Amino acid sequence: MDRRSFNRRILLGGAAVATSLSVVPEAVSAAGPVKTAPAGGEVKRIKLYAEKLPDGQMGYGLEKGKASIPGPLIELNEGDTLHVEFENTMDVAVSLHVHGLDYEITSDGTKLNRSHVEPGGTRTYTWRTHAPGRRGDGTWRSGSAGYWHYHDHVVGTEHGTVGLQKGLFGPVIVRRKGDVLPDRTHTVVFNDMRINNKPPHSGPDFEATVGDRVEFVVITHGEFYHTFHMHGHRWADNRTGMLTGPEDPSQVIDNKITGPADSFGFQVIAGEGVGAGAWMYHCHVQSHSDMGMVGLFLVKKPDGTIPGYEPHEHGDGPAGGGHEH
Amino acid sequence: MDRRSFNRRILLGGAAVATSLSVVPEAVSAAGPVKTAPAGGEVKRIKLYAEKLPDGQMGYGLEKGKASIPGPLIELNEGDTLHVEFENTMDVAVSLHVHGLDYEITSDGTKLNRSHVEPGGTRTYTWRTHAPGRRGDGTWRSGSAGYWHYHDHVVGTEHGTVGLQKGLFGPVIVRRKGDVLPDRTHTVVFNDMRINNKPPHSGPDFEATVGDRVEFVVITHGEFYHTFHMHGHRWADNRTGMLTGPEDPSQVIDNKITGPADSFGFQVIAGEGVGAGAWMYHCHVQSHSDMGMVGLFLVKKPDGTIPGYEPHEHGDGPAGGGHEH
Amino acid sequence: MDRRSFNRRILLGGAAVATSLSVVPEAVSAAGPVKTAPAGGEVKRIKLYAEKLPDGQMGYGLEKGKASIPGPLIELNEGDTLHVEFENTMDVAVSLHVHGLDYEITSDGTKLNRSHVEPGGTRTYTWRTHAPGRRGDGTWRSGSAGYWHYHDHVVGTEHGTVGLQKGLFGPVIVRRKGDVLPDRTHTVVFNDMRINNKPPHSGPDFEATVGDRVEFVVITHGEFYHTFHMHGHRWADNRTGMLTGPEDPSQVIDNKITGPADSFGFQVIAGEGVGAGAWMYHCHVQSHSDMGMVGLFLVKKPDGTIPGYEPHEHGDGPAGGGHEH
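Those sequence lines, one after another, are chains A, B and C. Using our numbering, the first residue of the first sequence is number 1, and each one after it goes up by one. Using our numbering, the first residue of the second sequence is number 1, and each one after it goes up by one. Using our numbering, the first residue of the third sequence is number 1, and each one after it goes up by one.
No lab work stands behind these hints, which were simulated from the structure alone. Keep in mind that this is a model prediction, so the values were computed, not measured. A virtual CB, placed ideally from N, CA and C, is assigned to each residue, including glycine. Where hints are given, some of them may not hold.
Computed spacing ranges between beta-carbons, pair by pair [claimed, not checked]: (1) 39(A) with 42(C): 45 to 53 Å; (2) 89(A) with 136(C): 45 to 53 Å; (3) 65(B) with 156(C): 57 to 65 Å; (4) 43(C) with 247(B): 35 to 43 Å; (5) 181(B) with 200(A): 49 to 57 Å.
Sample of chain A residues lacking proximity to chain B, with all beta carbon distances greater than 12 Å (derived) [claimed, not checked]: (6) 35; (7) 46; (8) 56; (9) 65; (10) 85; (11) 92; (12) 119; (13) 124; (14) 181; (15) 211; (16) 287; (17) 311.
Covered stretches of chain C (in silico footprint by chain B; criterion: 3 or more residues with CB under 8 Å from a CB of chain B, positions within the stretch not fixed) [unchecked claim]: (18) 223–234; (19) 251–263; (20) 277–284.
So here's chain A without its partners, still in its complex pose (with noise of 0.2 Å):
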């Protein structure tokens, strides 16, 4: 975005209204205008397997052998299509089940609708999404942008009950046409009393320099409602975590309860307002916390160094994980 797009979007949102920036203590932001999301409609297309991990979990991966838990970040721009060529490498059937976005019922990936993979097989599942329009009757159709995920819907019971325990589930975002791009995305699933499947007390852990623009997506599921909340860091409680500008009602929250299946993500600028530091993130019901539903933000200063943290006080350290822009 050049410098005349830029004065052109800022008079074109709630400018007539004065407000000011406070000054507070090391508040970083990049002077730099935002990357900002292209307008979709491309056909995109990947391969997608499902696998047993050495531990005997399950993942999805975009390689043989490279299977994640969570799956692979998925991004879309509102108006793509995207065919998934999902190979089932396991010894049981399995499926994808995506959420959020337009699918033909034999993309629905339910035994219920026989769109599932027995072990061996492929599939291709097709995803479409949309930008918000009027429709031929006058009325608004909302678009396709948000944050969603993606999940098996077979494995052990007939809504994936095993499968989900086990690993397979990811993120999804579809972006709409001038939607701010991160620096970088993270995903956190509240998946039972774990978060991403990993043990208790060990994260995952996230690291940023302040100023950076991290992005959050936010997944829970299983058998459990869980509030997620940040140290130090907040968002809006709307489509995109972000006020849309001065008029905007949304509340500005840092927990949200969420149950299984539920999903939402937002931006923050690492450290804005509030400086470096080691700051937590965990499930705000007080056993989960206790039992190790905890990870940590590591924002660091331009030097690299996080005032007052110790990396051996908590576990094994930041994890990877992460996905750049």
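Following the hints, position chains B and C against chain A.
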């Protein structure tokens, strides 16, 4: 709404923002203008009976011997007043407590306020509604429009716990002038581990044809939290379930956490962008869906067929209970 | 606000849309203009003590020997900075962790960051707030305004589970310039199965006169999810609990699911459209209300009477704890 008023409506909306409906397979939307709710202001009267059902459950009905679970859908327009002549045909005290509407303390439906009804007794409950408006002090008063519900507050405990278990609840919709009217409304009540007090694994199922505008009212009662999920269809997490326009920041979702006495509603165009099919809706808490909190949204092609669906797979076929406009 | 600025405010609002206040019985709203929050920017200081209460519980207080459950209401305006000189008078380590506000890692209130206070010790926690504004990159930064809360993060476990059980929590409200000020603020904390740590079936009850503008801050702590319901009154599910105008798409509700560390707030005009009465508020999870998670919003007529209410019916009468403006 004639062509001229339809154009005027577009003009008043957010028409300055250019958007376009994406092309999707089998996208079907009624070409004609939608029907909308009129201004309210009427005084209406109904009779309502609380009855024991043959199977030991309890229900509300508009005629003696016709009680149902959930009770009848009550629709009002903002400004309407409803007098409910309520008769208790049972051998235990019962009441009628409504959410969201305006009622004086004598219509509270609680024992605390002596607004319940003894066996064989009759009482008139009066519910009022109002449009949004400015107060004398300049602040905005919200209107009564919403997806609400009524229920017993007396049977078994001071909070009607047994009455709720046995089926004493029903939906209330209050519409604002200009709200879009659906072709059909269905009510889904997650009441402990059952849907509409039916046995597990027996729906209810709901039928539609691709392109129908179908409204769902979703109510929760009892002891547990749930997550309501629908396959292949989405809604906006706001008052109407529909975006008000391109500036509406509401999150679009297909899964929502709810707890006892929560209610929300939305409209979908059946099969929009996804076509015909046997689309599951279910609680996404894994043990709840596995135990049978599942129904089908059966979206037919115009020729009446549903691709890939054999009715005997899922119990006893489509349920009644729909409410036509 | 004088007459002229009041008219200007209407002009800046959504005044192009014609709406009208419906006529309801006993509708009473103050005719005068509302009081609104000023711009912030002040640096404030308070002393806060953590204390053991005579009954074995724990509380925060502004003076020694005056601790209460919940702790004192702290109100700020966006732009304010608050220095809390915090003294631990107890024999166990304790801390002060706040939600929603800006604080450096040294004010995190966790053992992880060594920002707790040993027995007999003192520490200054600094909380900052900011108005919304545009960042250097053109995106909107949300402001600090909200219904937030503070709590211990140390007693019993690393997450303060015992401190929370015993009463170490309290409300924080950050207001935006122009936010409507209430006549009175009440705090309701659903803490496991108790409200404000009181015994079951003992309120707290809150008193008002028809037409008062009453604010409620609702906070949840502990282990369980709840649904907060109030009889006869509603609010908007957004930042302030009040609609910003006729275009605000927020759902209006009288029942809301919450989990540990969630908080929200709203203002009602006592008895608006419904009149005086003993209006219950309660958790709508049936076993929770049956076990006594119930209080009364006692709305009196101007002559001080409450139709149909006899105080002895509900325990020990109205509680203190209200905060007057």
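Quick rundown of the hints versus the structure:
1. 39(A) with 42(C): 45 to 53 Å: With a Cβ separation near 47 Å, residue 39(A) and residue 42(C) satisfy 45 to 53 Å, so the hint holds.
2. 89(A) with 136(C): 45 to 53 Å: holds, 48 Å
3. 65(B) with 156(C): 57 to 65 Å: Cβ of residue 65(B) to Cβ of residue 156(C): about 58 Å, so the range 57 to 65 Å holds.
4. 43(C) with 247(B): 35 to 43 Å: This hint holds: roughly 37 Å between Cβ atoms.
5. 181(B) with 200(A): 49 to 57 Å: holds, 51 Å
6. 35: Non-interface label stands for residue 35(A): nearest chain B Cβ at 21 Å, farther than 12 Å.
7. 46: holds, 20 Å
8. 56: holds, 19 Å
9. 65: Label holds. Min Cβ-Cβ 28 Å, cutoff 12 Å.
10. 85: Holds: least Cβ distance 19 Å, greater than 12 Å.
11. 92: Holds, since 17 Å exceeds 12 Å.
12. 119: holds, 21 Å
13. 124: The claim holds: residue 124(A) sits with its nearest Cβ about 15 Å from chain B, beyond 12 Å.
14. 181: The assertion about residue 181(A) holds, with a minimum of 18 Å to chain B.
15. 211: holds, 25 Å
16. 287: Nearest chain B Cβ is 16 Å from residue 287(A), so the label holds.
17. 311: Residue 311(A) clear of chain B: closest Cβ-Cβ about 35 Å, beyond 12 Å.
18. 223–234: holds (count 7)
19. 251–263: holds (count 7)
20. 277–284: Holds: 6 residues of the stretch 277–284 of chain C have a Cβ under 8 Å from chain B.
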